[in-house]
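Asker: So the chains spell out like this:
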Amino acid sequence: MALIGSLAAQAVQMLLVLLVAPLLTGLVRKVKARLQRRRGPPLLQPYRDLRRLIAKEVVLAENASWLFRVAPYLIFSTTWVAAALVPTFATGLLFSWTGDLIAIIALLGTARFLLQLAALDIGTSFGGIGASRESLIASLAEPATIMIVFTIALIAGSTQLSHVAAFMASGQVGLRVSLAFALVALVIVAIAENARIPVDNPATHLELTMVHEAMVLEYSGRHLAMIELAAAVKLLFHLSLIACVFFPFGLAQDGWDPLACAAGAGLWLAKLAAGGVLLAMFETSIAKMRVFRVPGFLGAALMLGLLATLLLFISRSL
Amino acid sequence: MLTALLLCAAGLLAVAALAALGRGGRSRAEAATIAVYGGCLAVSTLAFVLALAALLGGASAGLTVPLGLPWLGAHFRLDALSAAFLVLVTLGAAGASLYALGYGLHAEAPLRVLPFYPLFLAGMLLVPLADDAYAFLLCWELMSLASWALVLAEHRPEENARAGFLYIVMASFGTLALLLAFGLLAGPEGRYAFAAMREAERGPLASALVLALAILGAGSKAGLVPLHAWLPLAHPAAPSHVSALMSGVMTKVAVYAFVRIVFDLLGPPAWWWSVPVLALGASSAVLGVLHALTENDLKRLLAYSTIENIGVVFLGLGLALAFRAGGQPAAAALALAAALFHAFNHTLFKSALFYGAGAVLTAARGERNIERLGGLIRRMPVSSAAVLVAAMAAAALPPLNGFASEWLAFQAILLSPDLPQWALKFLIPTVGTLLALAAALAASCFLRAYGIAWLGRPRSAAAAEAEEVDRFSRAAMTGFGALCVLFGLFPGMVLDALAPVTERLLGARMPAQLGEAWLSIVPIADSRSSYNGLLVFLFVVASAAMAAAAIHRFASRALRRAPPWDCGFPGLAPSMQYTGTSLSQPLRRVFGPVVFRAREVVEMPLPGSVAPARIVRRRQDLVWEFLYVPIGRAVGRAAELLNHLQFLTIRRYLVLVFLSLVLLLLGLGLWR
Numbered sequence: 001m002a003l004i005g006s007l008a009a010q011a012v013q014m015l016l017v018l019l020v021a022p023l024l025t026g027l028v029r030k031v032k033a034r035l036q037r038r039r040g041p042p043l044l045q046p047y048r049d050l051r052r053l054i055a056k057e058v059v060l061a062e063n064a065s066w067l068f069r070v071a072p073y074l075i076f077s078t079t080w081v082a083a084a085l086v087p088t089f090a091t092g093l094l095f096s097w098t099g100d101l102i103a104i105i106a107l108l109g110t111a112r113f114l115l116q117l118a119a120l121d122i123g124t125s126f127g128g129i130g131a132s133r134e135s136l137i138a139s140l141a142e143p144a145t146i147m148i149v150f151t152i153a154l155i156a157g158s159t160q161l162s163h164v165a166a167f168m169a170s171g172q173v174g175l176r177v178s179l180a181f182a183l184v185a186l187v188i189v190a191i192a193e194n195a196r197i198p199v200d201n202p203a204t205h206l207e208l209t210m211v212h213e214a215m216v217l218e219y220s221g222r223h224l225a226m227i228e229l230a231a232a233v234k235l236l237f238h239l240s241l242i243a244c245v246f247f248p249f250g251l252a253q254d255g256w257d258p259l260a261c262a263a264g265a266g267l268w269l270a271k272l273a274a275g276g277v278l279l280a281m282f283e284t285s286i287a288k289m290r291v292f293r294v295p296g297f298l299g300a301a302l303m304l305g306l307l308a309t310l311l312l313f314i315s316r317s318l
Numbered sequence: 001m002l003t004a005l006l007l008c009a010a011g012l013l014a015v016a017a018l019a020a021l022g023r024g025g026r027s028r029a030e031a032a033t034i035a036v037y038g039g040c041l042a043v044s045t046l047a048f049v050l051a052l053a054a055l056l057g058g059a060s061a062g063l064t065v066p067l068g069l070p071w072l073g074a075h076f077r078l079d080a081l082s083a084a085f086l087v088l089v090t091l092g093a094a095g096a097s098l099y100a101l102g103y104g105l106h107a108e109a110p111l112r113v114l115p116f117y118p119l120f121l122a123g124m125l126l127v128p129l130a131d132d133a134y135a136f137l138l139c140w141e142l143m144s145l146a147s148w149a150l151v152l153a154e155h156r157p158e159e160n161a162r163a164g165f166l167y168i169v170m171a172s173f174g175t176l177a178l179l180l181a182f183g184l185l186a187g188p189e190g191r192y193a194f195a196a197m198r199e200a201e202r203g204p205l206a207s208a209l210v211l212a213l214a215i216l217g218a219g220s221k222a223g224l225v226p227l228h229a230w231l232p233l234a235h236p237a238a239p240s241h242v243s244a245l246m247s248g249v250m251t252k253v254a255v256y257a258f259v260r261i262v263f264d265l266l267g268p269p270a271w272w273w274s275v276p277v278l279a280l281g282a283s284s285a286v287l288g289v290l291h292a293l294t295e296n297d298l299k300r301l302l303a304y305s306t307i308e309n310i311g312v313v314f315l316g317l318g319l320a321l322a323f324r325a326g327g328q329p330a331a332a333a334l335a336l337a338a339a340l341f342h343a344f345n346h347t348l349f350k351s352a353l354f355y356g357a358g359a360v361l362t363a364a365r366g367e368r369n370i371e372r373l374g375g376l377i378r379r380m381p382v383s384s385a386a387v388l389v390a391a392m393a394a395a396a397l398p399p400l401n402g403f404a405s406e407w408l409a410f411q412a413i414l415l416s417p418d419l420p421q422w423a424l425k426f427l428i429p430t431v432g433t434l435l436a437l438a439a440a441l442a443a444s445c446f447l448r449a450y451g452i453a454w455l456g457r458p459r460s461a462a463a464a465e466a467e468e469v470d471r472f473s474r475a476a477m478t479g480f481g482a483l484c485v486l487f488g489l490f491p492g493m494v495l496d497a498l499a500p501v502t503e504r505l506l507g508a509r510m511p512a513q514l515g516e517a518w519l520s521i522v523p524i525a526d527s528r529s530s531y532n533g534l535l536v537f538l539f540v541v542a543s544a545a546m547a548a549a550a551i552h553r554f555a556s557r558a559l560r561r562a563p564p565w566d567c568g569f570p571g572l573a574p575s576m577q578y579t580g581t582s583l584s585q586p587l588r589r590v591f592g593p594v595v596f597r598a599r600e601v602v603e604m605p606l607p608g609s610v611a612p613a614r615i616v617r618r619r620q621d622l623v624w625e626f627l628y629v630p631i632g633r634a635v636g637r638a639a640e641l642l643n644h645l646q647f648l649t650i651r652r653y654l655v656l657v658f659l660s661l662v663l664l665l666l667g668l669g670l671w672r
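Line by line, the protein sequences give chains L and E.
Numbers 1 to 318, taken from the numbering used here, label the letters of the first sequence in order.
Numbers 1 to 672, taken from the numbering used here, label the letters of the second sequence in order.
Hints are supplied without guarantee of correctness; some may be wrong.
Cβ pair distances, simulated, as ranges [said to hold, decoys possible]:
| # | chain 1 | residue 1 | chain 2 | residue 2 | range |
| --- | --- | --- | --- | --- | --- |
| 1 | E | Arg-619 | L | Met-289 | 42 to 48 angstroms |
| 2 | L | Met-289 | E | Arg-560 | 37 to 43 angstroms |
| 3 | L | Lys-288 | E | Ala-573 | 27 to 33 angstroms |
| 4 | E | Glu-640 | L | Gly-296 | 35 to 41 angstroms |
| 5 | L | Lys-56 | E | Arg-26 | 57 to 63 angstroms |
| 6 | E | Asn-369 | L | Arg-69 | 53 to 59 angstroms |
| 7 | L | Lys-288 | E | Leu-606 | 46 to 52 angstroms |
Computed, partial: chain E to chain L, Cβ under 10 angstroms [what the hints assert, rightly or not]:
| # | residue |
| --- | --- |
| 8 | Leu-105 |
| 9 | Ala-109 |
| 10 | Leu-111 |
| 11 | Arg-112 |
| 12 | Leu-437 |
| 13 | Leu-455 |
| 14 | Ser-543 |
| 15 | His-552 |
| 16 | Ala-562 |
| 17 | Phe-626 |
These are computed hints drawn from the structure, not numbers from a lab.
Predicted model, so just to flag it, every value in this text is computed and none were measured.
For every residue, glycine included, the Cβ atom is placed at its ideal position computed from N, Cα and C.
Construct all of the structure, not just a fragment, from the sequences and the given hints.
Answerer: Shown next, in the form of structure tokens:
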């Protein structure tokens, strides 16, 4: 009976992640539009887009290989699994020990690797330019993320997200400089990873500025739907991660109290909405960077992460 | 068991004699090729079974063969450490022999390969078994010289001759360093058996010297920066199955030598021993992968990536030394297991990648430049899938095996705040950053290697007409690709098999892994961290299948083929694709100025001139320029000075002999 309960909780989390993700994207778009004094598309527009794309036929490039057709499903499922391993409304779910934070980050790396391969498969310059710039961003963002993971793991004594969230929620932490550094670094990484302004622009189709959009240019129909959904889930993943590590209040702890879970889910949605609004405000207030200024931006995240870790290494022995 | 393994080595020597059958005629050469590689396959498979049984069964045996120095004999011993490395060596050897059954038939001059190949295998099989310095160095030299002969199998191209020369110089230097290390270990009494070396007492200075010499000797064979200069030249020069052995297996024999000397023979470490090992490991990891990122030669790219992985292995060994000296045997066992697991994983994926490179060479008429390849995935479906798996393993992506071992290395790094030394407190997080950077850059590197060579549209006629390779080559590639998946899903099997090794060297082991629920791996405790490759894989595959099935069932499955989008300008030529150079341009621009002093200069023609504009890329290999060139110049100058000694009369030679005798006796007199 307990097993069924915990299986159900795990399944609810997986579905919740999947269902809420397009709404979050819609919210960010709506807030951005309102800030620019436009009416903007309705909140539910991403769902409609997905439905329309799924029903359409796929226009496939003549020389596309099997990899190009398999990649969208794998990109979607790796991103989904990664996002579903982050605690949303409760800690200690049945499969929460499947991968720790390092493994989750690396899973997103797998998704990115597949997307880059698919971009190179057709052999057009757009795919190449997207894959090339994504490499640049990834090779700086990943070490920065690992440094953030180190900081969190040294404070919480674990890389297991459930334990980290429980520890952070328990109030033993207090204010720490390292955590502030890690938060700033994680926000920078999240902006870069999700192809957001100032690193990339999710709304552009101007060749010189595209990164993510250039990679998916050859995709259409259901394949494009999978990739769009994966992008939405990835945004939700990063906001969930920030919420679960730095603002873990309200998370239901271990027991399967339905009330606590419902409260946790409500709070989680509120946190996501707050994160989405902040992201939209940030994006509206800043201009896009030149590609070769991105290393400086991400380098700051890397240095902050390293500094946070070093501070912890030193302060532990004082 | 030990006797059987020694007989296997003797069997390999006998197989070498089979090469003599190949004299006279193409058909006889083919028969000899099949006989030699078939024989090697049979013997190394047998040896693999024996070594695996020895590792799992915990067999330990010693044997003294009346060969070698008359008062010493040749000691051989099989313990957990040698069994673990023998498993790796024989598995790599079996794979390469299977691959060569098909690939070897394309050799231009088979008789330049066939006699040396079994000797090379025998050398690598014997080094881990040797139990005294004399036998060890003899087998080590057999391995070095046989591989040198194989590097020169195609000796006509100028660059291969240069690679061979550089290799023999560096190999001799490495053996000299090991010889001196063993000399110091044996002490003035000349106790050359390993058992006696373990007992001996040594001062801190002698121990430090042995450590330095072990780093020089084993590191030069393994390819640690800055001793790596020969490796990216020599490994690609050999035929591809030999490249796979040199990169995948021989570098691991060098790792074995380091572990044997430093962890076993040298006794308890001082804390600072870990500092040079960590620093060299981290810099090898980053420099190796940066070189690989900017390399266009497919095989040389793989050789540079070997330097990166050796760096990761040494980084793990350095962590193990630090933890051992800091009195944390459990953490040391974790770090050592991570290093050995990564060495094993590297053998698997690097072998598969070199087999893939050989398949490309066969299929595309010897084209090694990735910028003249492309589109092979459509011509070679089986090879492309196997190489993709190996490339993803090399890029350290879950759920494959390369990730599992790097994950363990990160877990070991996270245990380091408890170390007492301040230097290590600063060094280890920095090393962790470099490891993460190397892992991320490795993903970019293999994206580039695979994306340019195998994907896209063919950039040359040779690539456009490529054909799938023979079934032996395919079997070897898919077999090793499957092993990469297997050990990514069940890393616990390897970790449990390595437990006797860490127990023997450090007196501690990781917790038993196979008893964990759902076959997770748990390095320290459940609450700290756990990783389950199997479940990750199952979740990913299940949700991808569910998504695909749902869409195809309930929505659309319509599909139309059309030309790729050309922005309205028809006539997309294959040369308009991104090339390897352009793909890595952003990374080169970020890291190049620091690491290679790279410059890009655009030379514009004068206004009105019709001359083309040129972009000139310059880069320097700083290690080569500031280490090897000055040493080479100094050696040349010394040789010129000593040249006078060549044309003396016999009288003067006798005077020289006499004077040196007096000097040596004086030195001895002052010492005593």
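Asker: Are the hints correct? Go through all of them and say.
Answerer: Verification of the supplied hints:
Hint check: Arg-619(E) to Met-289(L), Cβ distance near 27 angstroms, so the stated range 42 to 48 angstroms is violated. One distance hint, 37 to 43 angstroms for the beta-carbon pair Met-289(L) and Arg-560(E), holds here, with the actual separation near 38 angstroms. Between Lys-288(L) and Ala-573(E) the C-beta distance comes to about 31 angstroms, which sits within the given range of 27 to 33 angstroms. In this structure the supplied range 35 to 41 angstroms is violated for Glu-640(E) paired with Gly-296(L), their Cβ-Cβ distance being about 51 angstroms.
For the pair Lys-56(L) and Arg-26(E), the beta carbons lie near 58 angstroms from each other, so the given range of 57 to 63 angstroms is met. As the Cβ distance of Asn-369(E) to Arg-69(L) is approximately 29 angstroms, the hint placing it in 53 to 59 angstroms is violated. The hint said 46 to 52 angstroms for the Cβ distance between Lys-288(L) and Leu-606(E), and at roughly 36 angstroms that hint is violated. For Leu-105(E), the suggested interface contact is broken, since its CB lies about 29 angstroms from the closest CB of chain L, more than 10 angstroms.
Checking Ala-109(E) against chain L by beta carbon gives a least distance of about 36 angstroms; that is not within 10 angstroms, so the hint is violated. Residue-level restraint check for Leu-111(E) is violated (minimum Cβ-Cβ distance to chain L is 40 angstroms; threshold 10 angstroms). At about 38 angstroms, the closest approach between the beta carbon of Arg-112(E) and any beta carbon in chain L exceeds 10 angstroms, and the interface hint on this residue is violated. Hint status for Leu-437(E) relative to chain L: holds, with the closest Cβ pair at about 4 angstroms, below 10 angstroms.
A cut of 10 angstroms between beta carbons decides the hint on Leu-455(E): the least distance to chain L is about 5 angstroms, and the hint holds. The interface hint given for Ser-543(E) holds, since its Cβ lies 4 angstroms from the closest Cβ of chain L, which is under the 10 angstroms cut-off. Evaluation of the His-552(E) hint against chain L yields a held restraint, the C-beta minimum of about 8 angstroms falling below 10 angstroms. Taking 10 angstroms as the C-beta contact cut-off toward chain L, the hint placing Ala-562(E) at the interface holds, the least distance being around 5 angstroms.
Evaluation of the Phe-626(E) hint against chain L yields a violated restraint, the C-beta minimum of about 26 angstroms exceeding 10 angstroms.
In this structure, the hints that do not hold are numbers 1, 4, 6, 7, 8, 9, 10, 11 and 17, in rising order.
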